[in-house]
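Novice: Each chain, written out:
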Amino acid sequence: MAILTYREALNRAMVEEMEKDPLIYLMGEEVGHYQGAYKVSQGMLEKFGEDRVIDTPISENGFAGVGIGSAMTGLRPIIEFMTWNFSLVAIDQIINSAAKLNYMSGGQFPMPIVFRGAGGVGGRLGAQHSQAFESWYAHVPGMKVVCPATPKDACGLLKTSIRDNNPTIFIESEVLYGVKGEVPDQEYSIPFGKGEIKRKGTDLTIVTWSRALIFAEEAAKVMEKEGVSVEIVDLRTLRPLDEAIIYESVKKTNKVLVIEEGWPVAGFGAQIAYLIQKNAFDYLDHPVERVTQRDVPMSYAANLERETLPNVDRVCAAIREMLK
Amino acid sequence: MAKLIEMTQLSPTMTEGTIVKWIKKEGEAVQAGDVLAEVETDKAVMEMEAYDSGVLLKIVEGEGAKLKVGMALAIIGKPGEDITELLKNAMSNAPKSMTETSAPIAPNSEKVEIVPIESKTQAVVETQTIRETKSNSLPRSVDSENKRETPSLESKGNLRVLASPLAKSIAIEQGLDLHLIIGTGPEGRITKKDVLDSLGSKQAGKTNGSSFNSEVPNDEKISLGGMRKTIAKRLKDSKLNLPHFYLNADINAKNLENFRKELNDFREKNLPETAPKISINDIIVKAVASSLRLHPKVNASWAEDSIIQYGRVDVGIAVSLDGGLLTPVIRNTDKKSILQISAEVKDLAKKARDRKLKPEEFTNGTFTISNLGMYGISRFTAIINEPESAILAVGAIEEKPVVENGQVVAGKMLSLMLSCDHRVVDGAIGAEFLRTLRAFLENPALLSGI
Numbered sequence: 001m002a003i004l005t006y007r008e009a010l011n012r013a014m015v016e017e018m019e020k021d022p023l024i025y026l027m028g029e030e031v032g033h034y035q036g037a038y039k040v041s042q043g044m045l046e047k048f049g050e051d052r053v054i055d056t057p058i059s060e061n062g063f064a065g066v067g068i069g070s071a072m073t074g075l076r077p078i079i080e081f082m083t084w085n086f087s088l089v090a091i092d093q094i095i096n097s098a099a100k101l102n103y104m105s106g107g108q109f110p111m112p113i114v115f116r117g118a119g120g121v122g123g124r125l126g127a128q129h130s131q132a133f134e135s136w137y138a139h140v141p142g143m144k145v146v147c148p149a150t151p152k153d154a155c156g157l158l159k160t161s162i163r164d165n166n167p168t169i170f171i172e173s174e175v176l177y178g179v180k181g182e183v184p185d186q187e188y189s190i191p192f193g194k195g196e197i198k199r200k201g202t203d204l205t206i207v208t209w210s211r212a213l214i215f216a217e218e219a220a221k222v223m224e225k226e227g228v229s230v231e232i233v234d235l236r237t238l239r240p241l242d243e244a245i246i247y248e249s250v251k252k253t254n255k256v257l258v259i260e261e262g263w264p265v266a267g268f269g270a271q272i273a274y275l276i277q278k279n280a281f282d283y284l285d286h287p288v289e290r291v292t293q294r295d296v297p298m299s300y301a302a303n304l305e306r307e308t309l310p311n312v313d314r315v316c317a318a319i320r321e322m323l324k
Numbered sequence: 001m002a003k004l005i006e007m008t009q010l011s012p013t014m015t016e017g018t019i020v021k022w023i024k025k026e027g028e029a030v031q032a033g034d035v036l037a038e039v040e041t042d043k044a045v046m047e048m049e050a051y052d053s054g055v056l057l058k059i060v061e062g063e064g065a066k067l068k069v070g071m072a073l074a075i076i077g078k079p080g081e082d083i084t085e086l087l088k089n090a091m092s093n094a095p096k097s098m099t100e101t102s103a104p105i106a107p108n109s110e111k112v113e114i115v116p117i118e119s120k121t122q123a124v125v126e127t128q129t130i131r132e133t134k135s136n137s138l139p140r141s142v143d144s145e146n147k148r149e150t151p152s153l154e155s156k157g158n159l160r161v162l163a164s165p166l167a168k169s170i171a172i173e174q175g176l177d178l179h180l181i182i183g184t185g186p187e188g189r190i191t192k193k194d195v196l197d198s199l200g201s202k203q204a205g206k207t208n209g210s211s212f213n214s215e216v217p218n219d220e221k222i223s224l225g226g227m228r229k230t231i232a233k234r235l236k237d238s239k240l241n242l243p244h245f246y247l248n249a250d251i252n253a254k255n256l257e258n259f260r261k262e263l264n265d266f267r268e269k270n271l272p273e274t275a276p277k278i279s280i281n282d283i284i285v286k287a288v289a290s291s292l293r294l295h296p297k298v299n300a301s302w303a304e305d306s307i308i309q310y311g312r313v314d315v316g317i318a319v320s321l322d323g324g325l326l327t328p329v330i331r332n333t334d335k336k337s338i339l340q341i342s343a344e345v346k347d348l349a350k351k352a353r354d355r356k357l358k359p360e361e362f363t364n365g366t367f368t369i370s371n372l373g374m375y376g377i378s379r380f381t382a383i384i385n386e387p388e389s390a391i392l393a394v395g396a397i398e399e400k401p402v403v404e405n406g407q408v409v410a411g412k413m414l415s416l417m418l419s420c421d422h423r424v425v426d427g428a429i430g431a432e433f434l435r436t437l438r439a440f441l442e443n444p445a446l447l448s449g450i
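Each protein sequence line maps, in turn, to chains L and U.
Those letters in the first sequence? Residues 1 to 324, per the working numbering, in order.
Those letters in the second sequence? Residues 1 to 450, per the working numbering, in order.
Because the hints were derived from the structure by calculation, they are not lab data.
Be aware that a few hints might be false.
[Unchecked claim] Chain U stretches covered by chain L per the calculated footprint, using a threshold of three residues with CB under 8 Å from any CB of chain L:
#1 165–179
#2 182–191
[Unchecked claim] Think about it this way: if two alpha-carbon atoms lie no more than 16 Å apart in a straight line, the pair counts; the simulated EDC-like pairs of lysine to aspartate or glutamate are:
#3 Lys412(U) x Glu442(U)
#4 Lys412(U) x Asp250(U)
#5 Lys324(L) x Glu187(U)
#6 Lys358(U) x Asp347(U)
#7 Lys193(U) x Asp282(L)
#8 Lys412(U) x Glu399(U)
#9 Lys193(U) x Asp203(L)
#10 Lys356(U) x Asp282(L)
No residue lacks a Cβ here, since even glycine has one placed at the ideal position from N, Cα and C.
Generate the whole structure from the sequences, applying the supplied hints.
Specialist: What follows is the structure, encoded as structure tokens:
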């Protein structure tokens, strides 16, 4: 199996799909000549030419709309937002056009479009550029929301996103682009709505996705030394959601901690906690707990940024409290 | 001086009660501590005692009236005392009860009414513990609302047990009383570990007992689950109050065994694999139901002032469980085929063992069968499952010498024991029922003709 970085895995998914289907194209700021702001589209301009790897002006609302229009006419666009923070100026296109048109046209306009880019906290980028928006998009019916945490999941899920005929919100993580991991050599894809047990355990379940998985895995290692066996469920996609994998794990450990990079209020973890108490109530031995980003705008200062995130210390403290 | 008697709070969660029966009549002398009336609370029918002595001057609310706790239902005082003022008070105090109260039940419907009330109570008692623990898991907001309505609840001693949902479900499953378990979780919450510890100490005790250790194992105190309590109460009441008598019949089971074999052969060749395998018990259930249809006097209940003969034939089957037993009921048993009965018995027995039976699935039977044949029991006597009037105890089919055409040959015999409530079923009636049942079991082909 090849060892690829997260960004190389994303690149591979796009290249493999674009080689097969001439209707697919990539569009966004700096995706072509600059090879991508985070170098995800490295080499793609050279390979596919300017017709299929298109640099845009700084105009998210505009190129998101162009992408949606082209999807209505039968193309399969991949729209890159340099980061998801900039998707806010295009959110009317995403929510009122992409997520609605198939429904409002009575199925006449399928919307095979992928919006992808970096989400979450990058590292000292300040309050406006350090935000996790998956809960916002997961709120809206009509779209898929994908949050991969490993190179293998990134590649397999991006391929599924490109092939899907619905708008897909594909949220990458700025700090994961350089992370390496095994990726199968042969072609593969990962279906939506299938979580994965990233670590087996018996005492407590962590449910998480995207970058927060890293915090969870580090915390599980610390807790292992203290004799605590933590199971980690990586949801991978929030819409559709693999509920079964959560309940199975709850039945086993009876305790759940949800970790998410976003804010606590109306965050997706609250929905998970609701579903667990609704559908696995009699298996709970402790209230469902959450560790989230603190309920404040992200600080620029490195020490405060660390303290605001759901870091390893905070996760371990929550686990110890739950097992007391 | 005359006093108003109010609806007493008979259980911590009771907010209103229904007067089922007045024990004392107007004009009767009453001592403090005497039972005045039977009152149905949210959980059970309970006895309401008098706190004052005197004479029951006036019954303000009749049987069937539903009253909130604290509402007036009678007046106690000295004979001849003027109670018009009190009576006025009582009436003005109880506007709600007057509107809610159904008029005294008409005498002809009374007979019909008594049975549902009784059987409803049983269902309620059966599920009592479950409900008690469930109420602990009510959302906080509901809880606080309750408290607002009845502030006295808190002062009456807080019965709320803090326990995790999982701890509760294990406790219910194992028949443990959460009140007796010490919680070690946050704020003293009982967690899975606490329940398992309490369970484990019991099981550890058991292991000691079976080892070859020469030490005498300690006595064990096993707290009573809801099911145990219900079994204890209902069977004691039945054995103490019902005049049981017993009729034994030994049945030649040769044809019965052959019939079962033929049925199963037929099933194997002609029916889908999902069709259940027929047991002797399934055929007995069918034969009993057909016999009950022909002997409605056995398919009946004692209702104090009358006997109720049921139009329906609903046969219950005693199913033993870990820590108790339940009697799931096959509805309209006489109208079902042996195959249908077999499938239903298996389904209900499984539900019973999984504790998934709903109250309506194990109450309101009209007759019960208890079979210990699979344990090799030859014959036994069973206690009647009130309000039914008879129960059939079925033993094992055993090889025995049988006289056939004047020759002693090896045969197969099945012993049946019918327990009857003599208030309802006389000896001859029970015997006629058994004679029909014998005819069916010794010639099972007859079943298809009835």
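Novice: So which of those numbered hints doesn't the model satisfy?
Specialist: No hint contradicted; all consistent.
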